[in-house]
Amino acid sequence: MTATLSPLSTVGCPALLDDLHERTLPGGLVASAAGIVLASSAALPEPGRLDRLGMRLGRATPSPPDVLARFAAGLLAVQRSLVKRTIGHAIRHLDGRSSSGNSLLVPQQVQAALAEVAMDIREVEQLPDTPGSRHRAYQRLTAAGRLLLGLLGASGFLSDGPGADLHLIEVAGNVYLLGEGRS
Amino acid sequence: MIERLRVLDRYCREMAPQLREVGAALDRDPDSVGDFVHLPAFDVLHQVFMPAEYRNPGDLPPGADPAGSSCLEWAVALEAISYGDPGVILANAGPGLARDVVAALGDSRQQDWFFNRLNECPTWTFFALTEPNKGSAAMELETKLTPDGDDWLLNGEKRYVGNGARGQIGVVFCRRAAGPWGIEAVLVDTADPGFSGELLPMLGLRGARISRLRFDDVRIPADRILGRERPPSRRGLYGALRALLRFRPGLAAMVLGIVTAVAEYVLEQRPALPAADRDRLDGILDRATALRRLVHEVAADIDRDEVNSHRIGAVKMRAARLGEDATILAAELLGPASLVEHPWLEKAYRDVRGFEFMEGTANIHRLSVFQGLVRNDFFPVSGHATRA
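Protein chains in written order, with my numbering: chain A, 1142 to 1324; chain B, 49 to 436.
If we strip away everything but chain A, and leave its shape as in the complex, we get (with noise of 0.2 Å):
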């Protein structure tokens, strides 16, 4: 089976974070409504655990609640194109590997799952955009990725591939998309 696909960005999930951060406040970085700041190496001064991914923290006054539900909506397209991408990643990968002579694309399993990922994105994108749905559409966009990066096997795992991505998209979404418009 031989994929036909558009190239993939490599645009990482930290340089995603800030340019959503400056898309939704000019020249600032978006705190969430506990204070934490999540951008990449770059935009924030104080290395931590997530350093080795490309993603640092910091500590701010909240946002205003309009600024934190532009940045939650964001976040949330930030995730479905991740997951999204990952899909091609996954495609790329499987049909570059074989068993017993077949492309590991041809189990109607793996193409169910493929498909199973792709029809999520499709619905989310259609879920209205409060804060609540938001949480819930984050949820759903995680279990997707997750399914997706089991077709990856130990490559899901890398922190220089997709897999890096995706968790931090996680941690991100648990951060500014978690308890939405609850405070």
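Think of the hints as simulated: they come from the structure by calculation, not from any bench. Heads up, a few of these hints could be off.
What the hints assert, rightly or not - These stretches of chain A come out as covered by chain B in the derived footprint (C-beta under 8 Å, 3 or more residues): (1) 1212 to 1219; (2) 1259 to 1270; (3) 1300 to 1311.
As the list claims (entries may be wrong) - Taking CB as the label site, the calculated pair distances span: (4) Val1247(A) to Glu101(B): 43 to 49 Å; (5) Ser1241(A) to Ala72(B): 38 to 44 Å; (6) Pro1203(A) to Glu354(B): 42 to 48 Å; (7) Val1247(A) to Asp196(B): 51 to 57 Å.
Predicted model only: the values in this text are computed from it and were never measured. Yeah, the Cβ is synthetic: ideal placement off N, Cα and C, and Gly gets one too.
The hints should help you fit chain B onto chain A, whose structure is shown.
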């Protein structure tokens, strides 16, 4: 659970809390494992993994008396230690997954060569099966073993090998001839010319030092082919499958240790969980209880030489999924920013993902369960499978 295992379980659980700090240190710097090998947990791992005839005297409590080759014993010890940190087990020096291949296939001289080395000083070992583009499909491996005078030459590449680049000795699976019986298991000394290893950057379980290995004309003396006097059907591939099947219940048990730790952590942090949330957490604990029984069941079956690969794979696969479900739920129940405010939880959240692919992904095990159904060999006959 029999008394000997209860004693072992209690002893391991008492030492588990101090392993949290070790796990955090290994996550920051995987090479720091040498700073911790004096801890009692590492002695326990030595006692339960080393064959009795090669074991150094240890400090286990009276009554624990490990057999050194019991899957059930491993499951009990590995779950209890993983309650502290699973990375400690994977970072540990010792025979690891190679143990079963050497013990099952090796003649007495080969076993001496391998196990005596481990007793001289902390020695890391590896089990090199997985190859680029092939995954762990053992029958399709391409690393070549070709004759060269009285010796053999090893050429090829392995990927995702735990402790590969750190190890001093290991077992490498390679192809001497076409077909499933053309696969051999050879003992490799990483000091030999032609061996090279490179660490791969991993998201979690960093102490395992998962690596890529290359073999360029590595010379293998004929007496390093494991089980060379045995028929081809009872060496290479047989040894690989045997080791994988025997280790899978232990992997599942490790996840159960993390799951229990995560659930207890949530209850410590939020003792007054709302009823609906408590119910969801109880659902996780219910699944852990059920899987623990299944882990002990398949491990006891293995110890009695009743090996059902479908059931063993199913237990490992479901445990891996439970680990992910438990950590995702914990992150939610501990509220916004829990993954940055609770560093231990964030580490557990990353680490459990590693169990999905170790020794076969979920899809591989699902297919195996299906094969078990077709063969009417998945569900135990009533009264057949035993409980520990």
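Comparing the hints with the structure gives:
Here the stretch 1212 to 1219 of chain A counts 0 residues with a CB under 8 Å from a CB of chain B, which misses the bar of 3, and the coverage is violated. Restraint check on the stretch 1259 to 1270 of chain A versus chain B: 0 residues with Cβ-Cβ distances below 8 Å, three needed, restraint violated. Judged by the Cβ-Cβ criterion of 8 Å, the stretch 1300 to 1311 of chain A is covered by chain B as claimed, because 6 of its residues qualify and three suffice. Distance hint for valine 1247(A) and glutamate 101(B): a CB-CB separation of about 48 Å, consistent with the stated range 43 to 49 Å.
Take serine 1241(A) and alanine 72(B): their Cβ atoms lie about 43 Å apart, and the range 38 to 44 Å holds. Distance hint check for proline 1203(A) and glutamate 354(B): the Cβ-Cβ separation is about 59 Å, which falls outside the suggested range of 42 to 48 Å. At roughly 38 Å, the beta-carbon separation of valine 1247(A) and aspartate 196(B) lies outside the given 51 to 57 Å, and the hint is violated.
Comparing the model with each earlier hint shows violations of hints 1, 2, 6 and 7; every other hint is respected.
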